[in-house]
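Residue strings, one per chain:
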Amino acid sequence: MQGNATAWKRAIRSLPLVVAGLMTLAGCISVEAPDKPIVIELNINIRQEVIYRLAEDAGNTIEENADIF
Amino acid sequence: MESVVKGSGMNRDLVRKMALAAAGFALAAGGLAGAAHAQRDPAYDAARESGKVGEKMDGYLGIVGASTPELQRMVNDINIKRRAVYAQKAQTANATLEEYALTAGCIAIARTAPGEKYQAPDGSWQTRTSAPPQRDSRCPA
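Those protein sequences? They're chains B and L, same order as listed.
Residues in the first sequence are numbered from 1 upward in steps of one, following my numbering.
Residues in the second sequence are numbered from 70 upward in steps of one, following my numbering.
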């Protein structure tokens with residue numbers, strides 16, 4: 001009987017810890033607003049080697065169409 | 070009889086020479102027309118110089134400050150023409166339209182004259198100085 005009471009006291013005492021643990025878990029799935037502005041980088045999938053391959057051709061195109069560049 | 074044959078031979082030679090000369094003139098005229106066509110419209114040149122329009126990272130022209138219907142029309146017109154050129158050249162180069170346009174943007178920004186506007190990688194408009202422009206890290210040197 002006395003041991004049972006001690007167990008209860010222990011359980012009650014640990015309750016804040018359990019609550020704190022639950023709050024931490026809840027914090028894990030919360031979405032926080034980013035502190036930095038979101039920069040949307042366009043064409044992120046375009047690789048540098050593709051740009052290097054096209055560079056000479058694009059340069060000639062600009063010269064050939066000087067009226068619109 | 071013989072003289073007639075000779076005469077017709079001379080005529081043929083003359084016709085050939087004239088045809089060659091005409092072709093030469095046509096080529097020269099075409100070249101002149103091409104050179105005239107390759108120049109910027111004065112309104113476009115003025116808008117660039119005054120910083121009303123600038124080169125964007127994506128290979129198209131952008132309006133920097135306040136837009137007017139006239140300015141918007143001019144920018145749209147140029148961008149539609151650019152897009153058509155990019156599409157055609159991209160197909161020949163076996164690349165996508167976006168890839169080709171982005172590459173052209175890199176080069177167009179690199180070729181801006183001091184005082185002209187261009188878009189920096191963070192999206193802001195910058196005024197070109199004599200220093201190299203701020204460009205996407207993927208842009209070729």
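Treat the hints with care, since some could be wrong.
What the hints assert, rightly or not - Label pairs and their calculated CB-CB ranges:
id, chain 1, residue 1, chain 2, residue 2, range
1, L, ASP114, B, VAL31, 45 to 51 Å
2, B, PRO34, L, THR161, 51 to 57 Å
3, B, SER30, L, SER206, 29 to 35 Å
4, B, GLN48, L, ALA115, 15 to 21 Å
5, B, GLU32, L, ALA135, 23 to 29 Å
6, L, GLN203, B, ASN60, 54 to 60 Å
7, L, ARG109, B, GLU32, 29 to 35 Å
As the list claims (entries may be wrong) - Short, incomplete list of chain L residues facing chain B, as computed with Cβ under 8 Å:
id, residue
8, GLN108
9, PRO111
10, ASP114
11, ILE147
12, ARG152
13, LEU166
14, GLU167
15, TYR169
16, ALA173
17, ILE176
18, ALA177
No wet-lab data here; the hints were simulated from the structure.
Every residue, glycine too, gets a C-beta built ideally from N, C-alpha and C.
Hint by hint, here is what the structure shows:
1. L:ASP114 x B:VAL31: 45 to 51 Å: holds (49 Å)
2. B:PRO34 x L:THR161: 51 to 57 Å: violated (42 Å)
3. B:SER30 x L:SER206: 29 to 35 Å: Cβ of SER30 (chain B) to Cβ of SER206 (chain L): about 34 Å, so the range 29 to 35 Å holds.
4. B:GLN48 x L:ALA115: 15 to 21 Å: At 35 Å between Cβs, range violated.
5. B:GLU32 x L:ALA135: 23 to 29 Å: violated (37 Å)
6. L:GLN203 x B:ASN60: 54 to 60 Å: violated (25 Å)
7. L:ARG109 x B:GLU32: 29 to 35 Å: violated (49 Å)
8. GLN108: Holds - the Cβ of GLN108 (chain L) comes within 8 Å of chain B, reaching about 6 Å at its closest.
9. PRO111: violated (11 Å)
10. ASP114: violated (10 Å)
11. ILE147: Constraint on ILE147 (chain L) satisfied, holds at 5 Å.
12. ARG152: Violated, because the Cβ-Cβ distance from ARG152 (chain L) to chain B comes to roughly 10 Å (cut-off 8 Å).
13. LEU166: Violated. Min distance 11 Å.
14. GLU167: Given a least distance of 6 Å, the restraint on GLU167 (chain L) holds.
15. TYR169: holds (6 Å)
16. ALA173: Holds: closest Cβ of chain B sits about 4 Å from ALA173 (chain L), inside 8 Å.
17. ILE176: holds (5 Å)
18. ALA177: holds (6 Å)
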